[in-house]
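A.B. asks: Using the sequences and the hints, build the whole thing.
There are 2 protein chains.
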Amino acid sequence: MSDRSDGFSCPVPLADRSTVLLGHGSGGKLSAELVRDVFLPAFRHPALAALNDQAIVRVNGSRVAFTTDSFVVKPLFFPGGDIGTLAVHGTINDLAMGGAQPLFLSVALIIEEGLPMDDLRRVVASLQQSAERAGVGIVTGDTKVVEKGSGDGLFITTSGIGLVPDGVDLSADRARPGDAVLLSGTLGDHGITILGQREGLRFDGAMASDSAALHTLVADLLAVGTGFRCFRDPTRGGLASTLNEIAAQSGVAIELDEAQLPIRDEVRGACELLGLDPLYVANEGKLVALVDPAMADRALETMRAHPLGRQAVRVGTVQATARGPIVTMRTPFGTTRIVDMLAGDQLPRIC
Amino acid sequence: MSDRSDGFSCPVPLADRSTVLLGHGSGGKLSAELVRDVFLPAFRHPALAALNDQAIVRVNGSRVAFTTDSFVVKPLFFPGGDIGTLAVHGTINDLAMGGAQPLFLSVALIIEEGLPMDDLRRVVASLQQSAERAGVGIVTGDTKVVEKGSGDGLFITTSGIGLVPDGVDLSADRARPGDAVLLSGTLGDHGITILGQREGLRFDGAMASDSAALHTLVADLLAVGTGFRCFRDPTRGGLASTLNEIAAQSGVAIELDEAQLPIRDEVRGACELLGLDPLYVANEGKLVALVDPAMADRALETMRAHPLGRQAVRVGTVQATARGPIVTMRTPFGTTRIVDMLAGDQLPRIC
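As given, the protein sequences belong to chains A and B, one line each in that order. When you line the first sequence up against our numbering, it's residues 1 to 351, in that order. When you line the second sequence up against our numbering, it's residues 1 to 351, in that order.
Don't read these hints as lab results, they were simulated from the structure. You may find that some hints are simply not true.
As the list makes no split between identical chains, a pair holds if one copy fits it or if it spans any two.
Straight line, CA to CA, 20 angstroms or less: simulated SDA-like cross-link-like pairs of lysine to any residue [unchecked claim]: (1) 148 - 265; (2) 148 - 319; (3) 74 - 19; (4) 74 - 149; (5) 148 - 17; (6) 148 - 349; (7) 148 - 116; (8) 148 - 37; (9) 148 - 18; (10) 148 - 119; (11) 74 - 169; (12) 148 - 49.
C.D. replies: See the structure below:
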C-alpha cells in the first residue's frame, strides 16, 4: 500500500494521460480532471454540469432527484456493513444531499463467475434490509455474469429516484462568505475500516464502517428552517476533496479549524502508521452542511439530537477569496496550511 | 466456444448451485432460477415482482418508469455500435417496452486500470450521441476504477426514467388466447455480430449489430390504438426466452410459425456452423408486440412504416393452454416442436 497511500503527496506525472489510472477513480484531482476533460465536454446536460451528487430534473411538473453510483469495494464484507448496505446507503445519501426524499432504488449486479451463492444471498439480504429500514423500495434490477478473472467477485450499481420538496434548493455553488461548515461526526471511519480489513491491521478499539442512510438527518435539518446552502457526504477523497469541490463551485475560500475535527483515536493512529491524512479518508455516513451563520447553532443542535449526528461540530467557515477558490486549515499551533484536493489514488476500491 | 455454444441443449447439472455460473447471466433458465430463488424472495416490492423490463412507480401522482441494466459486452467496439450505444439503446428500450416516453439516463462506469483514454473518449462520445439522437438527456453519472485484472476494460451501467402516458398499460401478464405475436425484424443480428468479432468469423455479407432505440416505434404503435398487451425486446436469451417469459407470466401457450421467422442468410449460416439456434441469439433493436387480433394488421402496417420495422411480420399466435405455459413452433414440415427457455450460457458477454 505504501506507494498508493502517499499518492496524495506524490501526484501522477502530468504526462501520463493516455490510459485510465486508479487515481481517476479516487474522487480527487484526477477524477475531477476526468470529469472536466472527458465527461463534461461530451455530456452537456445542465443537470450534469451542476456537478452535484444527484441530478434534479422535471418529470411531469415534479422535481425529481436522480442519481447513480457503482460500488466496487474490496473486501465485500467488513465490520459495519457490506457492499450491499454501502450501495443502498450511498445512493440514498446522494438523493438526500439534494434535499430529496428517497423513494425507489434499482440494483444492477455484475458478478464474477464462481462467486459463492451464499455470498450473493448475504449481499441481497443486506440490500433489501437496508432499503427496508430506510423506507425505500428496490423496484428493478439486472444481473450480468462475467468470466472468472474478468471481474472481482461482485460489483453493484445502484440508482435512485427521489422527490425534492417545494422550496428546497441545495447546490454546491450556493456557499457564501460567512456560512458555517458543520460536520455530523467523526472522520475516516469507513476508509480506515476497509484498509484495516485489507491490510490485516489490528485496532485497539472496535473499528467499523460508518455506513448509514442520512436522509432522516437531512429531513430533520430541512424541517428547522431555510438557511441551508448545500449538503454533501464526504466519501471518496474525504472531507478535503468535498470542501475543495464546494469552494470551486461557489468561488469561495473555506477555512477549517483543525482542533474541531472529530477523529477517533484508532483512525488517528492508523493514519499516522500508514502516512495517511484523515481529511482524505472516505466516510460513508457523515454529512457536511453549509449553512447561513444565523442558522448554524440551531442546525448543530438538530444534528446532535439525531442518532447519526451526536458528535456534530462546526468545523469551519466560508470566507471571501480574492485569489480564487481555496481550502485552508488553521492548526492548533496557530499556523495555516492549504488543504488541497486528493491527488493520485490514496485508497482504491474503498466504495 | 463449442462448450458454451451448445449450452442450451446441455443444461448445467442441477446439483451445482453453490456458486454463480456464467449461465446465471444468460437471460435463460438459470437467470430465471436466480430471480426466483434469490432475488424475488428478498426483494418483495410489487413493482419488481411484476418481472417486466422496467418498474412503473408513482412519483407525486405521475406514473414513472424506472429501469437499470449493466453492459459487459466483449469486445467493446463492434460493427453497428459499441458498449456505449448498446447501453443507451438498451435502457431506452427497457423504458419504451413499458410504454414510457424515455426522459433521462444515468451512466455509471467501472473502468479497468489501463483502459486507453482514447477508448474511453470514444465510448463517452457514443453514449452522448446515441442519447442525443434519441432525445434523452444523460444527467448524472459515476466512475470507478478497479485494478488491472479485476475488471475487463469497461463495464457500463445505465439507468433510465421515463413517463408512462395515461391509459397505457402494458405487462407480460396481459397476453390472452388469440393475440397475435408480431416481430419487428430479423433475428440474431446482434449476437452473431458479437460472436463473429470474438471468434474472428468472416461473413459473406456485411453483418452488424441491430442496436437501436425503439421508443419512436413504440410511440407510433401506441398512437394507433389500444389493443396492445405487451412489448418486449428479445435481448439475452433471444426470442425463445422472451416468449417463454410472457407465456409463463400470462399462463398461456404461444405457437410460432417457423416459416415466418425473418433471419438473415449470414445469421442462419453462422448459426448452422456453430450449432446455435437463432431463436436463442440476442437482438438489440427488435420489438416483439403482443396485440389483440383485431388490431394485428394495423399494428403490422404501422411497424412496417417505421424505419426500424420494415421487415415486421406476424410470427405467432397466443393460445389457451390446459397443460401450463408453453412455447411451441410449427415447422415448415408440418410438425411442431417445443421451444424451451435457454438453458446454460449460450453466448456470454453479449450485452
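A.B. asks: Indicate, hint by hint, whether the structure satisfies it.
C.D. replies: Hint by hint, here is what the structure shows:
In this assembly of identical chains, the alpha carbons of residue 148 and residue 265 never lie at most 20 angstroms apart, being 40 angstroms within a copy and 34 angstroms across copies at closest. When the C-alpha separation of residue 148 and residue 319 is checked against a cutoff of 20 angstroms, the pair qualifies neither within a copy, at 52 angstroms, nor between copies, at 42 angstroms. In this assembly of identical chains, residue 74 and residue 19 lie within 20 angstroms of each other by CA distance solely across copies; the values are 19 angstroms between and 23 angstroms within a copy. Taking the closest pair of Cα atoms, residue 74 and residue 149 come within 20 angstroms of each other both inside a single copy (15 angstroms) and across two copies (14 angstroms).
For the identical chains of this complex, residue 148 and residue 17 are inter-copy neighbours only, at 16 angstroms across copies versus 29 angstroms inside a copy, given an alpha-carbon limit of 20 angstroms. Within a single copy, residue 148 and residue 349 get their C-alpha atoms as close as 19 angstroms, and across copies as close as 12 angstroms, so both meet the 20 angstroms cut-off. In this assembly of identical chains, residue 148 and residue 116 lie within 20 angstroms of each other by CA distance solely inside one copy; the values are 12 angstroms within and 22 angstroms between copies. When the C-alpha separation of residue 148 and residue 37 is checked against a cutoff of 20 angstroms, the pair qualifies neither within a copy, at 33 angstroms, nor between copies, at 23 angstroms.
In the homo-oligomer, the alpha carbons of residue 148 and residue 18 lie at most 20 angstroms apart only across protomers (15 angstroms), although the nearest pairing inside one protomer, at 27 angstroms, exceeds that limit. Taking the shortest alpha-carbon separations for residue 148 and residue 119, only the intra-copy value of 16 angstroms comes in at or below 20 angstroms, while the best inter-copy value is 23 angstroms. In this homomeric assembly, residue 74 and residue 169 never come within 20 angstroms of each other (Cα to Cα): the closest approach is 35 angstroms inside a single copy and 42 angstroms across copies. In this assembly of identical chains, residue 148 and residue 49 lie within 20 angstroms of each other by CA distance neither inside one copy nor across copies; the values are 37 angstroms within and 30 angstroms between.
Figure legend: structure checked against the earlier numbered hints; hints not met, in rising order: 1, 2, 8, 11 and 12.
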